[in-house]
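S.K.: Given next are the chains, with one letter for each unit.
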Amino acid sequence: NAGVTQTPKFQVLKTGQSMTLQCAQDMNHNSMYWYRQDPGMGLRLIYYSASEGTTDKGEVPNGYNVSRLNKREFSLRLESAAPSQTSVYFCASSVDSATNEKLFFGSGTQLSVL
Amino acid sequence: RKEVEQDPGPFNVPEGATVAFNCTYSNSASQSFFWYRQDCRKEPKLLMSVYSSGNEDGRFTAQLNRASQYISLLIRDSKLSDSATYLCVVPNAGNNRKLIWGLGTSLAVNP
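Order-wise, the sequence lines are chains A and B.
With this note's numbering applied, the first sequence covers 1 to 114.
With this note's numbering applied, the second sequence covers 1 to 111.
These are calculated hints, taken from the structure and not from any lab test.
Glycine included, every Cβ here is placed at the ideal spot set by N, Cα and C.
Treat each hint with caution, since some may be false.
[As the list claims (entries may be wrong)] Taking CB as the label site, the calculated pair distances span:
hint : chain 1 : residue 1 : chain 2 : residue 2 : range
1    : B       : GLY58     : A       : THR54     : 36 to 44 Å
2    : B       : SER28     : A       : ALA82     : 23 to 31 Å
3    : A       : GLY53     : B       : SER49     : 45 to 53 Å
4    : A       : GLN22     : B       : PRO111    : 39 to 47 Å
5    : B       : ALA67     : A       : ARG44     : 43 to 51 Å
So here's chain A without its partners, still in its complex pose (with noise of 0.2 Å):
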């Protein structure tokens, strides 16, 4: 039962580049997260989508573009990649967002922007 998969783990841009990160979840979950976790900053939202279909800011979503491609997949791009991107971004899924179920995080993807 592989849960949440989110790809690359590890990735090192150039300023101004742009990537995708993907995340899938096989646990027919409606709702799913992406979060930025940075040293003495707890883990940050960035967007989220509460089903299928529909896409909400998060506390930090400035330079960030999300698309729900279907019910498993959530992907995170950034466009013009900047340092103060450089993070670790995790992917997350629940049962439903207004319920605050249980949330089930990917490994995470440690990303560097120079």
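Position chain B against the provided structure of chain A, taking the given hints into account.
M.R.: Relative to the frame of chain A, chain B by itself:
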């Protein structure tokens, strides 16, 4: 008061010890609370949910004090494998779908 505040530690305890962490929150309307565990360079994993006065699961007990707006996590008979960072999580006051994460309390259990 910060939305969610935790003592960062580190807490260094010997195996077998009992250790407790507190987490204070500012949203008095919160109904649900969570403790997640995060190992170094790994993803967070849910340890316990707290919906009323408290919850117990084996060696772990979470308690809620609504009057003082804090939740606590008690770990009895600490194991080496309990070494991790413990994250306190509370729903956002303005949007219950969003969660506010504490910075975490670091625990090191020593042999």
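S.K.: Okay, which hints does this one fail, numbers in order?
M.R.: Hints 2, 3, 5 are the ones this structure does not satisfy, whereas the remaining hints hold.
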